Amino acid sequence: MTDVLAAIATGVGQALSWPALGLLMAGIAIGAVVGLLPGLGGTAMLAMLLPFTLSLDPVPAFALLVGAVAVLSTTGDLSSILLGVPGEAVSAAVVVDGHAMARRGEGGRAMGAALMSSLMGAVFGAFVLAAAVPIARPLLLSIESPELFMLAIVGITFMAPLVGRAPLRGLIAGAGGFWLATVGLDPVNSEPRYTFGSLFLWDGIGLLPVVLGLFAVPEAIALASPSGQSHIRASPRIDNAARGVRDAIRHWRLVLRCSAIGSYIGMVPGVGGSVAQWIAYAHATSGRAPGAPRGAIEGVLGPGAANNSTVGAALVPTLIFGIPGSVTSVVLLSAMLMKGIIPGASVLAPEAHGGHLGFVFSLVAFLVLANAVVVAVFLRLLAPLSRVATVRGSLLFPGVVVLMFVGAFMDKSALEDLLVVAGAGAIGWLMMRLDWPRPPLLLGLALGPLAENRLFLSTSLYGWSWWHRPGVLIIGAMAALFLWRGFARRAASPPDAMPGDPDADAPPSAHAAFLGALMAAAAIALAGTWTFTPRAAVFPRLALGTVLVLGIAQAVLMWHAPAGAPQIAKASGTRPSGVAWIAAMLASIWTLGFAAGAPLVVFVYLRFGAREQWWVALTQAFCMFAFLYGVLASALAVPLPTGMLFRLL
Amino acid sequence: MTPGRLRFLRVFALQIAVITAVAAPVRADDYRGKTLRIVVGSSAGGGYDREARLVARHLSRHIPGSPRVVVDNVPGAGGLIAANTFARVTAPDGLTLGYFPLGVLSAQLLGNPAAQYDVTKFEMIGSPYADRTVCVFPASTGITTLERWRTSPRPLKLGSTGRDSIMHVFPALLAGTLGIRSQIITGYKGTTEVRLALASGELDGACQGWGGVKAGWPDRRTINVVVQSGTDHHQELPDVPIAASFATDPDASALLGTTTAAMSLGARFYAFPPGTSASVRSTLTEAFLATMRDPGYAEEAAAAGISNEPVAGDELRARIEALLALPQPLITKLRQMLAR
Chain A
1 MTDVLAAIAT GVGQALSWPA LGLLMAGIAI GAVVGLLPGL GGTAMLAMLL PFTLSLDPVP
61 AFALLVGAVA VLSTTGDLSS ILLGVPGEAV SAAVVVDGHA MARRGEGGRA MGAALMSSLM
121 GAVFGAFVLA AAVPIARPLL LSIESPELFM LAIVGITFMA PLVGRAPLRG LIAGAGGFWL
181 ATVGLDPVNS EPRYTFGSLF LWDGIGLLPV VLGLFAVPEA IALASPSGQS HIRASPRIDN
241 AARGVRDAIR HWRLVLRCSA IGSYIGMVPG VGGSVAQWIA YAHATSGRAP GAPRGAIEGV
301 LGPGAANNST VGAALVPTLI FGIPGSVTSV VLLSAMLMKG IIPGASVLAP EAHGGHLGFV
361 FSLVAFLVLA NAVVVAVFLR LLAPLSRVAT VRGSLLFPGV VVLMFVGAFM DKSALEDLLV
421 VAGAGAIGWL MMRLDWPRPP LLLGLALGPL AENRLFLSTS LYGWSWWHRP GVLIIGAMAA
481 LFLWRGFARR AASPPDAMPG DPDADAPPSA HAAFLGALMA AAAIALAGTW TFTPRAAVFP
541 RLALGTVLVL GIAQAVLMWH APAGAPQIAK ASGTRPSGVA WIAAMLASIW TLGFAAGAPL
601 VVFVYLRFGA REQWWVALTQ AFCMFAFLYG VLASALAVPL PTGMLFRLL
Chain B
1 MTPGRLRFLR VFALQIAVIT AVAAPVRADD YRGKTLRIVV GSSAGGGYDR EARLVARHLS
61 RHIPGSPRVV VDNVPGAGGL IAANTFARVT APDGLTLGYF PLGVLSAQLL GNPAAQYDVT
121 KFEMIGSPYA DRTVCVFPAS TGITTLERWR TSPRPLKLGS TGRDSIMHVF PALLAGTLGI
181 RSQIITGYKG TTEVRLALAS GELDGACQGW GGVKAGWPDR RTINVVVQSG TDHHQELPDV
241 PIAASFATDP DASALLGTTT AAMSLGARFY AFPPGTSASV RSTLTEAFLA TMRDPGYAEE
301 AAAAGISNEP VAGDELRARI EALLALPQPL ITKLRQMLAR
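Quick mapping for you: the protein sequence lines, in order, are chains A and B.
Residue numbers in the first sequence follow the numbering used here, run continuously in steps of one, and reach 649 at the last position.
Residue numbers in the second sequence follow the numbering used here, run continuously in steps of one, and reach 340 at the last position.
Because the hints were derived from the structure by calculation, they are not lab data.
This structure is a prediction, so every number in the text was calculated from the model and none was measured.
Note that CB positions come from ideal geometry on N, CA and C, so glycine has one too.
Misleading hints may appear alongside valid ones.
To be clear about the criterion: a stretch of chain B counts as covered by chain A if any three or more of its residues have a C-beta under 8 angstroms from a C-beta of chain A, and this derived list gives those stretches [claimed, not checked]: (1) 80-88; (2) 193-202.
To give an idea of the chain A side of the interface with chain B (calculated C-beta under 7 angstroms), a few residues [stated by the list, open to error]: (3) Leu457; (4) Thr459; (5) Leu586.
Negatives, chain A to chain B, calculated, CB over 12 angstroms [as the list claims (entries may be wrong)]: (6) Ser460; (7) Tyr462; (8) Pro639.
The task is simple: from the sequences and hints, build the whole structure.
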């Protein structure tokens, strides 16, 4: 015990000593700016910072790196609120309610709430890191492949009842996500599944383009629609920031629950903040009356806390097993290895016994300090920042679309990912209109490889007897309990569509057509599994079978409870001109490349689509070119492709 | 034409001019102002990526004109996506260097139809080290020798990442040639997952690169290294028996010895696309070897546990060609062993 206390003292002491503290401030400044700017991501930033840490001792090196990482999602939330464009991918969920608040003139309150909940989330995540390190090893070593498989399943059943008002649809979407995850080479025999001879599909469907498609495309379409262009009349009142801070403190239970969600998801390797934010959003807004307008403070507090709490929690599996919990912790892991900090049991021993326990507590101190500093500074900077918010939707639309495509491309340097964004965008838009929850689909895609992998390993290792393991039974009982609670709550709430509900916007035939198309696609995909070897067919069959069985149940439900509310004439911007412009952007980037194609469509859209002034359109197009060519292609050496047209010449 | 439209056209024309100006091939002696891209056929943050980024930091100052060197990840299908792109799309202009994993070589050796390239046509630059495959068992298993492994009352469970991986190939060869049976559990995502499964007792052992073993188990007392691949003793493993020394027929000896040695060498190599000029290739080969000798590189590699025993392009190429020219009956035998 005294060992641990001594480690805390040395760790925090080293964190507060000179070179470390200065580098922490430098890291915070860099991270805050990168977080604010959409399109500049944390992973690229860390990769660029890494060389600067080579000559440093471990603690000062991680002061720079952790300082930068810790504040990314904090300032990223501010861009989400002000611009409606997430500054970081992990801040996307804050857009929904945060930007709606900014439009109502409550931007100050939303930003105050985002900053305060970020701080609380970061402290929670840091506490999880400190508390989990001593107990995580025995805990994680008691988990073998069967338990890991069950945890992946629980992820879906835990979430499905929380999002939206239709647990059954959530489960169908989750199973659909599991199926989507089987596209590509099967992990054991490298047997292609659903690849249609395309090498690109060998690698499977990436998480990032799907996140962008499901969530950013519908928001972009809304920005371009006439209702999206309404002006924000009141400039955000900055004195309201204090009110936002008080909101976060008043809703401390919610903030802590969402921090816990973020920490749990953050610890599961390979999932991280991009998923955690949406689960937290869904949880925070689950009590909301159906059809209530967007812009509730809970919708800012939930994801604001969750995306910060994942940062510390994601370091737990990184430190103990060398298995990174998130993409940014992949880079942090390589930095640790370079500094001779080998993940494993030795990390838990105090420095005197050859371990790195003090170093762990330095990390904890950095996580807390970085967010405290950035929140204190930005609470004072809100006034100049908030002037940005009085921008028309049509001016934001082209930037959002370009950043969306650039982000999708940079993930794997594959132009085909732009098509994945478009496809996921179409599905996401339909799901939004028809009130199908999108987060379970995403979570299914994220957890699918883990679930299939561990199901396969479990049966290879233990045959089917793994099913009787006590850990499996306990986790299974938990999953059943969550599901039962979800359905029970659903039964107790008023039955179906209410006026103003998105359900009522679409005619029942649209719902039936969507479900029918989904079932038909699942049936075709199921038939396709007969060409697979038996081993590769197991998981897609399980996922598709679940989709079909639950789909039939959903059809029965729809049959018995037809939409009771009167049809509402399609009121809000149903002519989605944004769709055509997104397609034009895709085609232009495809033929002319990013640097030429994107600015061209930005210009044409602004001048002829949105009827802006010449100089406005030209300036934005030029800024876009400067960003794509000057910053990405030249300064950061991102291999932006030349278009098909130039390749032919 | 309005002034605005004219201005727009000018901006557009300028964009096109700038874009076309940056893509011109290099002369061997002048990389000034250019960017050399190292394409890694696996994902960011992994072992190959870490090694390539370390090389990238030191390579520039050994190339005439000191170009900027950046690392770019093209993961997927065990490096096949990168290799296919490399062979068919990448321009042989001396500005794109590939760093490939073993899957690229074994896919061609084992006749995977998806391998749409010929490795022998790649312009080889070098390999930072020839890794040695060793089989390890945690001390708690009590498996201290190959004999204990062979006589274990139940088949021991060995972890592997994929069927083309050396983690599957080597124990399958041991079973096929020496009759040392094991239950190979294929499908772990990476060596860290295998290490975790060894710690929890889910697995009994694993065969993997010695470099990875050193990094994963800093305390050698916690594991038993029972056998190594290749034709001679690794200098750090003088007491660990060589698998080929147990072979009783020439085929088994060839498969366990020279074949595994060539596979180890082909497990990580730098190459230019087919058709790159000989002068560019020799410039980069020299720069690569100079980087390996660079004290800055050597120090960092040692700190990160990365071996530093470089092999230059020509020898690498000869060994890989010898491996791919294995007599057909041996290749058939190899495929049969791996199919089990």
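Each hint, compared with the structure:
1. 80-88: holds (count 3)
2. 193-202: holds (count 8)
3. Leu457: This interface hint holds because 6 angstroms falls under the 7 angstroms limit.
4. Thr459: This hint is violated: Thr459(A) lies away from chain B, its Cβ roughly 10 angstroms from the closest one there, beyond 7 angstroms.
5. Leu586: violated, 19 angstroms
6. Ser460: violated, 5 angstroms
7. Tyr462: violated, 9 angstroms
8. Pro639: Violated, because the least Cβ-Cβ distance between Pro639(A) and chain B comes to about 6 angstroms, which does not exceed 12 angstroms.
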